[in-house]
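Asker: Given next are the chains, with one letter for each unit.
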Amino acid sequence: MAKREDVAISLDQGSVAATEKSFGKTAVDLLLNDRRAAIGFCVIALAFILAIWGIHLVPYDPSEPNTVVRFQPPGAAHWMGTDEAGRDIFSRIVAGVQVSLTVATGAVLLALAIGFPLGALSGYAGGWLDALIMRITDGIIAFPTRLLAIALVAFSGASIPSLWFAIAFGSIPSYARIVRGEVLGQKEREYVDAGRAMGESSWAILVRHILPNCMTPVSVRIPLNYAHAITAEASLSFLGLGLVPPTISWGQMLSKSQSYMEVAPWLAVFPGLALASLILGFVLLSDALRDYNGPRYRTARKIA
Amino acid sequence: MLFSYSLKRLYQTVPTLLVISLFVFSLILVVPGDPVLHMLGYVGEDLQAQQFVDKQVYTQMRERLGLDDPIPVQYARWVARTAQGDLGISLNHRVSVLDIIVERLPATFYLALAAMLIGVVVAIPLGIWAAVRQDSWVDHFAHGLVLFGIVTPGFWVALMAVLLFSVHLGWLPSIGYTPPQQDFLKFLKHLTLPAFVLGLDIAAGLLRYLRADFLEQLRQDYVRAARAKGLPEWIVLVKHALKNSLVATVTVLGLDVSRLLGGSTIIETMFAYPGISYLLLQSIYARDFPVVQGSVLFMALIVLVVNYFTDLVYAFLNPRIQYGKA
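As you go down the protein sequences, you meet chains F and X in turn. Sequence positions in the first sequence follow the numbering used here and run 1 to 304. Sequence positions in the second sequence follow the numbering used here and run 1 to 326.
For reference, chain F alone in the conformation it holds in the complex (with noise of 0.2 Å):
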């Protein structure tokens, strides 16, 4: 017969090896039984593998400007053709990833960063403490969030940690209400009475029992938010709020190719291609998610 403690161990590892299987499982599940994770996933890992190497593998200098070549349209030499100073397109495409995902990644981070703490914290104290979390959260959400970007950033100028907070402070509120949600069902179950029972303290409950139980909605959440922070990035960029060349970024260009509607329509249409796409990726992915875990989740979708 085996001892008390070598069944609580090979419980524990057992239940170990279940959830890290679970994880890989649910990952693998995912990418092979449903096409829009799939597709998903790969445009996302092509972007983020342009945004850190991209700059290497394109035909041409993207800022380097070329007047030999100005205006030429797609072909052969240059696949998306070239702007009003000769610059390839298609090279400054890939560059422009970089902004992109660079500011959206921030904005997303600095979101959960902020509103996950605040979330648990409402749900957890309860109380006044609660209340007054709540009414703040209730104050940003009736503002038009990107109207606040957009406020935020004429006033404190554009820069990378500026675009940050001014993109990531709207969507505090939703992993707030997210978490605080989660912490208040979790709390009340049996588990929890069984850590405080064995003398666990609040702060340990917290950290290793419930919140591990909020990664859920809260990854359902986090591609969505990455969409919404692109489009406010390259929105920004387009009303020319965003960052200044020589950086590059999508909307900037879309804002240039008003100017050459007429002669040169291309610059309008692939900047703008490049981004839906970029979008749909994350879009895709975060709908899969949504499905895999179960209509709970689907009151979560709304992209702001």
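Take these hints with a grain of salt, some might be off.
What the hints assert, rightly or not - A few chain F residues that face chain X, going by a derived Cβ cut-off under 10 Å, partial list only:
1) Ala151
2) Ala154
3) Met261
4) Gly272
5) Ile279
6) Val283
Keep in mind the hints are simulated off the structure, nothing from the lab. Every residue, glycine too, gets a C-beta built ideally from N, C-alpha and C.
Fit chain X to the given chain F structure using the hints.
Answerer: Chain X in isolation, oriented as in the chain F frame:
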């Protein structure tokens, strides 16, 4: 009962109002550099500017603006002034900010109304049709439209529309505005492109919601009962299912106003359409901060008021909810 609910809901807007006012007020605090130098026309980093500015003018202006007072005092003063409708004076136009904003209101109102109308006219029939003929080509088309609306940024759709209808076909003007009382046909021509671009976005959001909700309604018992009674199908769909779907649709539409104002910032600017959003952007470029603050505040207030009435309409349409709980 509805009255007491409307009061309770009004009370709930107070914290929101507080957040909005704090936010708009603190905008001026995050401007890099000295606000007085800004108002005198010097850009943030221009440190040498200080030696060109008359010391006396500088101190007078600081005093007049109360910039040396503690920030809570400045905030209280700003709230008091704003509550009386005094949004300050435009730095560039030397007229009251409120007057400038009010002058721009009709254009934005027409655009928002037209966009909503287009959104509703496209989304309601298409949403019903797609739900009734689930998995047919109509359903796929509706699904494609929804995805298109989510994935393509409005300003790019606008660019493509201008490329096609203004540059290529030459049917519609790409920029400008004519007041309707001046020349109605010209007014419509200027309105068409921006309204359609914004309307498409509204339609996509509404369609996604309506299709799902309508599918849900069709599975309900009351629909089966209505059909069993032998009512014609269109009466079942319109009088019963649609009526119930509209409750949720109103809420989505109400929330869209916030999206519309945010989205119209870019669209109005692209089409040089002189509404509040265009004013906001022009003032940002001109660094006319009182006008920027005023128009942001005004737009946030519009959203607040619309959300308030949306909730009332929602409570009115669906008596089961809330107002008993008050």
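Asker: If a hint holds in the structure, say so; if it does not, say that too.
Answerer: Outcome of the hint check:
1. Given the 10 Å rule on beta carbons, the hint for Ala151 (chain F) holds: about 5 Å separates it from the nearest Cβ of chain X.
2. Proximity of Ala154 (chain F) to chain X holds as hinted, the smallest CB-CB distance being about 4 Å (cut-off 10 Å).
3. At a threshold of 10 Å, the smallest CB-CB gap from Met261 (chain F) to chain X is about 5 Å, leaving the interface hint in force.
4. Restraint check, Gly272 (chain F) versus chain X: the minimum CB separation of about 4 Å is within 10 Å; hint holds.
5. This hint holds: Ile279 (chain F) has a C-beta 5 Å from the nearest C-beta of chain X, less than the 10 Å allowed.
6. Given hint, Val283 (chain F) at the interface with chain X, holds; its Cβ is 6 Å from that chain's nearest Cβ, closer than 10 Å.
Consistency note: the structure conflicts with none of the earlier hints.
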